[in-house]
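So the sequence lines, in the order shown, correspond to chains A and B.
Taken in order, the first sequence gives residues 1 to 269; the numbers are from our numbering.
Taken in order, the second sequence gives residues 1 to 423; the numbers are from our numbering.
Since the hints were made in silico from the structure, they are not lab data.
Among the hints, a few may not be true.
To spell it out: a stretch of chain A is covered by chain B in this simulated footprint if at least three of its residues, at any positions, have a beta carbon under 8 Å from a beta carbon of chain B; those stretches are [claimed, not checked]:
#1 111 to 119
#2 141 to 154
Examples of chain A residues toward chain B, derived with CB under 7 Å [unchecked claim]:
#3 Leu67
#4 Thr235
#5 Arg241
#6 Lys245
#7 Ile264
Since the model is a prediction, treat every value here as computed from it, not as a measurement.
Every residue gets a Cβ at the ideal spot worked out from N, C-alpha and C, and that includes glycine.
What follows is each chain in one-letter form.
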Amino acid sequence: MRRLALVLVGAGLLLAPAAYAQDETAPALPRPGWSFDGPFGTFDRAALQRGFQVYSEVCSNCHSMNLLAYDDLGPDGPGGGLGYTEDEVKAIAAQKQVTDGPNDQGDMFQRPARPSDHFVPPFPNDQANRAAHNGALPPDLSLIVKERAGGLGAMPWLASGPDYVYGILTGFKNPPTGEKMPDNSYYNVDFPGHHIAMPPPLSADVVTYSDGTKATVPQEAHDVVTFLAWAAEPTMEERKRTGAKVLIFLLVLAGILYAAKRKIWADVH
Amino acid sequence: MAAPQTQSKLVRWIDRRLPIFTFLDHELNEYPTPKNLNYWWNFGSLAGIMLTIMIVTGIFLAMEYTPNTNLAFDSVERIMRAVNYGWLIRYIHMNGASFFFIVTYIHIFRGLYYGSYKEPRELLWMLGVVILLCMMATAFMGYVLPWGQMSYWGATVITNLFSAIPLVGNDIVTWLWGGFSVDNPTLNRFYALHYLLPFVILGVVGLHLMALHTHGSNNPLGIDRKGPQDSIPFHPYYTVKDMFGLAVFLIVFAVFVFYFPNALADPQNYIRANPLQTPPEIVPEWYFLPFYAMLRSVPDILFIKAKLAGVIAMFGSIGLLFILPWLDTSPVRSARFRPIYKWVFWLLVIDVLALGMVGAHRPEGMWIVIGRVGTLYYFFHFLILFPLIGIFERPLPLPTSISAAVTKGGGKLAGASAPMEKP
């Protein structure tokens with residue numbers, strides 16, 4: 001038993017490096033709590049739609065989301081989408097123009113986006129995007145919450161990717177007196193190094209929610225991060241649901257096998 | 001040698017021409033196994049099952065994956081989003097690598113504790129070390145395939161190690177890459193080898209099992225079986241025990257796959273590979289951390305540059321295991337009867353865990369010191385302590401037979417008195 005305890009402690013130590021791998025200079029991130037936390041957490045559908053609105057009206061002016069297609073938002077999307085109907089998805093897609101072709105004359109042409117199109121990026125290429133932002137490239141947001149801090153589906157005691165993005169969105173402050181700010185950078189308490197090239201994107205009432213929710217900065221940040229978490233792993237709800245069934249099955253199986261083992265071994269001395 | 005009498009005519013017809021049923025009967029029903037194996041002996045079969053899981057999930061992933069630097073990352077994300085149960089198969093494969101290493105490392109340390117590498121099981125042990133090396137190569141190349149930042153930069157750092165070889169090092173690196181940097185040819189060949197190596201492992205596992213079945217399993221007492229009273233047939237006793245162990249293992253595995261699927265991986269590998277942007281820290285997967293620590297810890301030694309010395313230490317740490325059976329001079333197998341080795345064994349466990357922590361940190365301040373002491377101890381443990389303890393230690397008296405020791409324990413279950421057994 002004592003050795004078993006030792007081994008368990010050892011196993012814990014083995015997992016510890018994952019915790020230490022975080023950037024030690026980064027400040028403690030805010031932990032606002034998420035609807036998708038925990039083994040039974042799901043995405044709050046209303047927050048998802050509000051978050052998508054924030055992305056569409058604010059973030060998407062600079063940030064692409066190349067991995068997402070418009071019909072991911074609809075009922076056939078991974079994980080059941082955001083709760084939009086097929087017609088709503090068509091309308092959302094049709095607001096954007098995409099270059100298609102060549103047609104039978106050999107010409108490229110513009111047409112409204114269809115649900116099967118991927119999210120139309122704000123700039124035709126990274127170079128154009130950099131040129132518009134003083135050389136800085138706004139990262140693609142498809143997987144942003146999975147690639148920052150602890151990401152998604154890491155150990156619960158670590159600050160997660162959603163916590164990080166929320167921290168960035170709400171962490172803009174006036175620089176402390178004496179802090180030398182480089183050109184075109186802003187002070188952000190939750191950004192490693194504190195100097196971020198992104199201007200504060202959110203402000204109160206930068207969007208108008210149709211469901212009457214008051215659009216404060218923390219509310220907008222919380223909504224858009226919920227949307228980004230869905231975008232990064234739309235199958236998360238299915239994963240957790242499947243996990244519960246698999247674990248129940250395995251627990252019963254282990255119980256039966258333990259009984260079988262006891263019975264078969266009963267005559268061994 | 002005949003197939004079991006109760007079999008049908010068809011079975012007997014086949015068995016007379018191709019004795020697979022006789023073979024299975026011989027290796028499962030008749031195969032005598034010590035009756036006192038504890039739960040640490042489960043990890044061998046668990047490793048075999050993990051290998052199978054990795055091969056099966058890997059083949060399904062290969063059906064959807066595209067080994068091209070422009071498409072690899074997106075094809076993996078397509079598996080996660082658009083392929084039916086693609087997320088499940090990928091998360092099993094990704095976490096499976098970690099769990100394969102967990103069970104294999106436990107399996108190795110069990111062998112070290114109970115002296116399973118000693119006469120007549122030296123080749124069995126050496127084949128195991130070959131499997132470990134193949135696993136490491138496979139895992140390393142598999143990690144490159146999603147073409148994230150850590151894939152790319154990990155591949156760059158590790159392949160660059162070969163440049164430490166004097167004279168021909170740089171040429172070897174160019175040859176490995178198939179170009180002048182890690183690029184599409186590298187990805188393609190890594191994919192081909194990542195598909196090939198698991199089947200090489202499978203072959204070596206076959207030899208490992210053949211060697212195992214020649215003399216049978218070692219056991220917690222480390223003494224030979226003296227007769228039928230010491231052994232039980234593998235089936236049903238150990239099949240059911242292995243199955244129960246498997247169910248418990250799968251529970252832990254499932255918790256990670258379904259609830260913490262990214263806990264054991266570096267989040268930065270969800271960033272697409274970018275050859276123009278070096279990540280702030282390049283860290284290998286956790287199961288390589290102790291070796292990575294050794295690589296970085298070794299300083300310049302006389303005329304050998306630190307880089308080459310580090311590479312020698314890293315590969316030497318595993319190469320050492322090949323000659324382990326001859327470094328250990330003690331005639332007693334099980335640490336249970338070796339009053340000094342029993343404690344020294346745990347020093348190695350602590351040392352390897354400490355090196356793992358070192359590997360996860362930037363080589364600064366105290367981590368450099370711990371890394372150097374840890375690396376030094378690792379080699380001291382095997383090269384100096386192993387031979388010396390065997391000479392100076394006075395082993396406790398061994399029990400006369402397995403059966404005598406087991407009955408004396410008074411437990412109803414075989415091995416119930418074993419101190420290392422799970423509750």
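Checked hints:
no. : hint       : result
1   : 111 to 119 : violated (count 0)
2   : 141 to 154 : holds (count 11)
3   : Leu67      : holds (5 Å)
4   : Thr235     : holds (4 Å)
5   : Arg241     : violated (9 Å)
6   : Lys245     : violated (10 Å)
7   : Ile264     : holds (5 Å)
In summary, the numbered hints that this structure violates are 1, 5, 6.
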